[in-house]
Every structure is written in structure tokens, then in C-alpha cells.
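Novice: Okay, here's what each chain looks like letter by letter:
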Amino acid sequence: MQGFAVALQPANLLWCLVGVVLGTVVGILPGLGPPATIAMLLPLTFLMNPAGAMIMLAGIYYGAKYGGSTTSILLNVPGESASVVTCLDGYPMALQGRAGAALGIAAIASFIAGTVGVLGLMLVAPPLAKIALSFSSPEYFALMALGLAMVVLLAGRSMMKALLAMLVGLWIAGIGTDPFSTTSRFTFGRMELLSGVDFVVVAIGVFAIGEVLANMEAREETRLLPVPKGLRNLLPTAQDLKDCRFAFANGSVVGFLIGVLPGAGSTIASFISYGLEKAVSRRRDRFGTGVVEGVAAPEGANNSETGGALVPLLTLGIPGSGTTAVLLAALVLWGFKPGPLFIPENPALFWGLVASMYIGNVMLLVLNLPLVPVFAQVLRAPVFVLYPVIFGISIVGVYSASGSLFDVALLAAFGLLGYVMRKLDYPAAPLILGLVLGAAMERALRQSLMMSEGSLSILVARPISAVMLSLALLILLIPFFTKVNAWRLRALDS
Amino acid sequence: MKEIAALAVIAFAGSFVETAFAQGFRPARPVEVVVHTGPGGGSDLLARAVALMVEREKLLPVRMQVANKTGGGGAVAAAYLAEKRGDQNTIGFFTGVWLTSPLTSKEAKISLRDLTPIARLVLEPAVIAVKADAPYKTLADFVSAAKQNPAQLKQSGGSITSRDNVVRQLLQKHTGARWAFISFPGGGERMAALLGGHVNMMVIEPAEAGEHIRAGNIRVLAQVSDRRLPGFPEVPTLKEAGFNLPAVPQVRGVVAPPGIPKENVAYWEDVFLKLTRSASWRKFLDDNQFEDGYQNAAELAKFYDAFTARMRDILEDAGIKTVR
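Just so you know, the sequences run in chain order D and W.
When the first sequence is numbered by my numbering, its final residue is 494 and no position is left out of the sequence of numbers.
When the second sequence is numbered by my numbering, its final residue is 324 and no position is left out of the sequence of numbers.
Some hints here could point you the wrong way.
[Unchecked claim] Derived EDC-like pairs: lysine to aspartate or glutamate, alpha-carbon spacing no greater than 20 Å straight-line:
1) D:K337 with W:E211
2) D:K130 with W:E291
3) D:K337 with W:D286
4) W:K137 with W:E32
5) W:K109 with W:E291
6) W:K173 with W:D313
7) W:K58 with W:E32
8) W:K239 with W:D287
9) W:K106 with W:D133
10) D:K337 with W:D313
11) W:K283 with W:E205
12) W:K321 with D:D178
13) W:K106 with D:D178
14) D:K337 with W:E205
15) W:K147 with D:D178
16) D:K337 with W:D287
[Said to hold, decoys possible] Simulated restraints, written as ranges between beta carbons of each label pair:
17) D:R284 with W:D286: 55 to 65 Å
18) W:A301 with D:V25: 44 to 54 Å
19) W:G197 with D:A409: 41 to 51 Å
20) D:Q96 with W:K109: 49 to 59 Å
21) D:V396 with W:G176: 23 to 33 Å
22) W:R63 with D:T289: 49 to 59 Å
23) W:K109 with D:R284: 31 to 41 Å
24) W:A298 with D:L164: 49 to 59 Å
25) D:F246 with W:G176: 52 to 62 Å
26) W:K109 with D:N485: 22 to 32 Å
FYI, nobody ran anything at the bench for these hints, they're computed from the structure.
The beta-carbon is built from N, C-alpha and C at its ideal position, and this holds for glycine as well.
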């Protein structure tokens, strides 16, 4: 209640609105992310009171997760790294004329999961942060292995092709400086590659550029994408909402729990939530062709992740991601001392922030739903307008993230890779999965082995890690079970 | 069209004025401040804080704009500055990694020595911390425990070329004890590993340690600093704890592209000297528990050599190949 007294002050309401609007815009623009935006606004926040400033900066953080899905769905250009998975079913939905439904579901899933994330932050933050500390390298390795096992669920027709694509992703993750010995790996003598390949460059290249290249090849009459008329046809149907019941819950819980872990992050949360959704779905085979749960689960997960990520930041002063690191720096610059005593000593600020996040999520829903029909009209543009725009957005996005022309050249190279993969029917998602998990997984494994002096038993001797590795094994067996089941059904028939 | 032509004329006139009055150099355009970290990284935040203080203290006639040139452990930013030879409106904020990366990576061809030194600004001291329920009351306790259980104890830290590992290597060489060093890329993960009891010791920034000490989570055994820090009046320095080792601080400072006129160097030296004598700077150092590390250009150039030589020894002791 004290929190709402803070959050409902007119000035703080205004800052909350400014934050979520800015966040939505930043989320829609590929490349420019919340950490850069918050860092740029830091000087401005010195003129504000800390509660208002914190409310605004947090608004940018979770607002960006709402906006991130927009370009993923409409243009196959991931707006944020956490929205890559949204491309898998969101873009096919747009191609079928259901862009409005996809955008609407993304907003609703974001709202539900975002609110659940704040509830978690409010109710269980301190005890949960303690539990998160029992996670260390072996557990992270097991979590990444669980994520990587999802590859069997992301495969298209050929498991072999999916595994090959994943290996390429893992290889790209290995490019750069070895984190432990400082040896250069696959840098081809280029200093730009010393710190590795930026994940966003690969994702935009393989998804957006590859898709456009493949489509340009077809020398048919330029046709318009179907966009249904009438507001009702542009929003999710009751059936869509019913299909997403489980996805909403899944995204909310998975996202929040993974968010609490300082070493994971929202991209991993969205992949795991998507994989889980597919693993338990009755229409598993239709994922990737535009099912609405495939949008709801990852979009929910990346929103509740925000609430989770604030748990270690505010209860322990431990940042788990780029954005929370900037928020931590902001708190220090304003004269606070983030750490275990932050909440007990600054209750008004903490509860004000929590209350503002409830309000902010409502604002975002109210802002985003009316925008859905507007954004859906983008697809009315003929392809000879749309494709150059996608190219432009992709190049500007990559350049604005790093300020490096080398990255633009890499974008072109990965666009070509995406094109070739499409032609040869290799799925792109396993490549991205390998890339997202590869570096973190390698680090976690080598850290574990350093802890155990080279003995692999550390991975199974620790209970949490053992449970997650068993789950990973179960997931790997899913295609096998499916085959056995199909064979059994055939045998019964004949 | 007319406007563009007019702008071009003004710009041309501006560049003419700049050369005509080169003796009394003053930047005429916004100054680009190159940092090697992304937004929110250590150098980025320092550069943004400095830009704000410079504005508040009215030390520059123009604004400072931060440019993030990330990658290669400082190599990309250093190369960017080297390409801007003679550019009068660009400076860069460096850290020790700009000196170490060229030692370990063939690809990092530009060292601080190829750029124009301006000033050293900050020294960041550190403290050595263990979990509050650990049995070690002093650094000597920890070292003797490490001796009794060779390679059993663990320290969490940053990269292998980071200051955390330098402190470990120096201590190991000095005492003969051995313990493992586990690299975590993010500061948060390092701290979580210590608090979760997955590692035994950590070299940590004083400001970060302060809150966990107040909450009773960790204990500080010694400080990596020449003098006792105001925030830790009770904790011995390495020397006082009986370990006669150099305090290895994290350094931050300012460089400019190669080939700029002498008077520009003098101008920048003056700006940063005034900054480090200002009240805003004092407060900034206190808030972050940094130490004033001001050195002028000539002293800074000497500092490079001492730093590089020590780093080379440490890397060789750690079994890491140096390429230059």
C-alpha cells in the first residue's frame, strides 16, 4: 500500500508512462537495447528524484520486452535478443494473415507474465535469492544442457540437419578469445573477432536477411501479404486465448525462475519456455508453422524474466545481465548502496518500484493493444517496399548496436548463410540455440571442472544438476518415443 | 540546398579558425570520448560521469559524447583511436586491459604506447574477502590453509589477466601456497559464487564489499592498497598483514590519438587536472571508494612501462604465452 502511495504520485505516474513508452520504442527498434538507452539517460536522471528515476528506468527495461516482439512477428527481424524465438511461430502467423492475432497474444502474454513476475518479486524475493545462490557452474551447465536438448524439438523434417545447424551455432559461439587461457580461436587475424560474434548480428542475418533473399528469388508477381479487414479479425480470438492457457502459465513461471538466476538471462528463458511448451503440446508437429502458443510462451517468459532478474539485483546487489548492471550503476550514482540491506533501508523506493511495475504493465497493455491493428497494416506495403525496409532496419539495427562496419559485413555473411540454409532446408532455430547457449555452456563446464579438479562427477553428484541433466536426457528421448508410438499404432492398425 | 551550402561555409570557416589559433587550442566541436566497454561497463560509466562533472564544473567549451567501440578487450577502441591520427576532437578512456591485451593476443596490434598519453585519473583499490562463516580470520590463515590443502581452495575472479588473478599470482609466488582461480565473466556471478559457498575467496571492489560486510555476509581479510581506505580503517593492508607485495590497483586514465600537437596535450592535461581538483570529483571518488590517481602525460608514459613489465612477469608465472 505504501508502494502505491509512491507510485500513484502524479510525477511518478508520468515517469512510469515515459519509461514504458520509451521502452516500447526501444524494443521495436532492433539493435538499440535497454542497456544503451538507460546508460544514455543516466545524466538526465540526476535532475529527478530517485524514485521517479528508478520507476522510469525499470519501465524502459520491461517495456522493451513488449516492443521486442513487433518486428519479430511482422518482419522476421528480432527486435531484442529475447525475441528471437518469437520469430519461429510469430512470422509464419503473419504470413498467414494472422499478424494481428500474434501481436495481440504477445501483448497479452507479456501482460500476464509481467504481472506474475512482479508478484514473484514482491512475495518471494529474499528467500528465492538465497536459493538461487545454491546454483553455481555445474547447475548452469546442466541448465544449458537442458536448453540444448531442446534441439530435438526444434528440428524440422531431418534430425541430422538440425544437429548440424546446432553444431555450426556452437562453433560460432566458440569464436573469439578463450575466456580461460586468452588464446584466440577462429579469429582469422581480425581483432574485431577477438570478443566473439554478436548474437544479434547472427540472428538478424539468418532470420531477416536470409528470408528476404530467399523470397526475392521467386520471380512471381509481387503479391501483397494478406491482412484481413475489420478490427475483430486483427485481434486474437477466444480460441487463441484458450489455446494459450498453458503457455501463459508456463511463460510466467519459467521466465521468472530463470530470471532469478544471475547467470542465465531472458534469451535462454524464452528458448526453454518455447521448448517446454512444445514438449507438452498435443499439436507438437505444428510448432514452427504459426501456432499461437509458440508466440505466447517465449513472449511471456521474457517478460516475467524482468521481475526475476530484479530479485538478485535488489536483494543482494548482484546484477545478472547488461540491463541490471546499468541499473545497479544508476543506484550507486544516485547515492544508494545496493546490497542485502537495500530493501530494508529503502522500503519506500522498493515498494514504489513494485507498485509502479503493476501500473506500468497495465499501461503497456492499454498502449500496445490499440497499436496492434496499426502495426498489422505494415504488411499491406508491397514487397518491393517492404524488403528494402527490412534490409534498412537490419543494417541500421546492427550498426547502432556496435558502431562497427565490420558487424555490417558479418550481417551480410550471415544473411547469405541463412539463405543457403533455407535453400537446403536446414532449420535456423537450432543454430541460434547453439549460439545462445554455447559460450555460457562452455564456461560453466570448464568452471565446474576447475572446481572439481577435472572430475566430471561434480555434474551428477550435485542434486539440482543431476535432476536437470536427467530431464535433458528425457527430452532427447522424445523423438524416439514418438517413433515407437507411431510404429505401435501402425502395428495395431494392420 | 541553401541551408546545406551555408552550413558548409560555416564549417569551412570553422576549420580555418581552428588552424589559425592552434596555439591556444580549444575544442570547437563536441569531443568524442572512446571507451572499450558497452553502455553500463566500467569505462563507459566513468566516461559518462566525467562528462557530467566536466559540464557541471564548466571545464570545456563543448560537450563530451561517449562512443562505445567494444571488442577485443580494448583492441578495437585502441585501433579506432590509432586510425584517428591527428584528430583534435577525440580522446579515449583506457584501463590496464589496453596494455595486457596486446601482450596476449596477436590480433591486438595497438598498445597504449602507440597513442598519446594525457593523464591517469583513478586507482581502484580492492579488498580480499571470504564468506563470513569461513574459518579464516586473517590472510595468513587462508594462506596456511591453502598450503595444507594444495590446490583445494578456490578463488572466483574475472579473466585470467585481471587484477584479481594478478593478486593471486603475487601471493602464490610470495608464499608458495597454491589455490585454484575460477574465471567468471560477470561481477555478479563472481559474488554469487562466493556467497553461495562455491568458492572460498575473492578479490573485490571496496564499494561492493561494503554492503555485504554490513549485512554480515562476508569478512574482509586484507586490502590491496598502499594506505588503509577510509571505509576499512580496521583492515590491514597487504604489507601490514605481513605480505610485502606491491598493491596492484586497477587503473583508468585518458589518452588521445597519435600525432596531435603538444599544446593539445597541455590543454587536456590542464582540463583533467582541474577536474581531479574539483569538489564533484572528490565526491565521485568517495562514493565509489576509488583513489585519486592523477598523473600527467610524462608520468603516465613511464607508468606504462612499469605496468607492462610486471604484467609480463605475472603472465609468464601463470603459464600464459605472451606474443609480444
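Novice: Could you run down the list of hints and mark each one as holding or not?
Specialist: Each hint, compared with the structure:
{"no.": "1", "hint": "D:K337 with W:E211", "result": "7 Å, holds"}
{"no.": "2", "hint": "D:K130 with W:E291", "result": "33 Å, violated"}
{"no.": "3", "hint": "D:K337 with W:D286", "result": "13 Å, holds"}
{"no.": "4", "hint": "W:K137 with W:E32", "result": "48 Å, violated"}
{"no.": "5", "hint": "W:K109 with W:E291", "result": "30 Å, violated"}
{"no.": "6", "hint": "W:K173 with W:D313", "result": "11 Å, holds"}
{"no.": "7", "hint": "W:K58 with W:E32", "result": "17 Å, holds"}
{"no.": "8", "hint": "W:K239 with W:D287", "result": "26 Å, violated"}
{"no.": "9", "hint": "W:K106 with W:D133", "result": "44 Å, violated"}
{"no.": "10", "hint": "D:K337 with W:D313", "result": "37 Å, violated"}
{"no.": "11", "hint": "W:K283 with W:E205", "result": "17 Å, holds"}
{"no.": "12", "hint": "W:K321 with D:D178", "result": "13 Å, holds"}
{"no.": "13", "hint": "W:K106 with D:D178", "result": "13 Å, holds"}
{"no.": "14", "hint": "D:K337 with W:E205", "result": "13 Å, holds"}
{"no.": "15", "hint": "W:K147 with D:D178", "result": "29 Å, violated"}
{"no.": "16", "hint": "D:K337 with W:D287", "result": "9 Å, holds"}
{"no.": "17", "hint": "D:R284 with W:D286: 55 to 65 Å", "result": "59 Å, holds"}
{"no.": "18", "hint": "W:A301 with D:V25: 44 to 54 Å", "result": "46 Å, holds"}
{"no.": "19", "hint": "W:G197 with D:A409: 41 to 51 Å", "result": "46 Å, holds"}
{"no.": "20", "hint": "D:Q96 with W:K109: 49 to 59 Å", "result": "52 Å, holds"}
{"no.": "21", "hint": "D:V396 with W:G176: 23 to 33 Å", "result": "57 Å, violated"}
{"no.": "22", "hint": "W:R63 with D:T289: 49 to 59 Å", "result": "52 Å, holds"}
{"no.": "23", "hint": "W:K109 with D:R284: 31 to 41 Å", "result": "52 Å, violated"}
{"no.": "24", "hint": "W:A298 with D:L164: 49 to 59 Å", "result": "58 Å, holds"}
{"no.": "25", "hint": "D:F246 with W:G176: 52 to 62 Å", "result": "60 Å, holds"}
{"no.": "26", "hint": "W:K109 with D:N485: 22 to 32 Å", "result": "59 Å, violated"}
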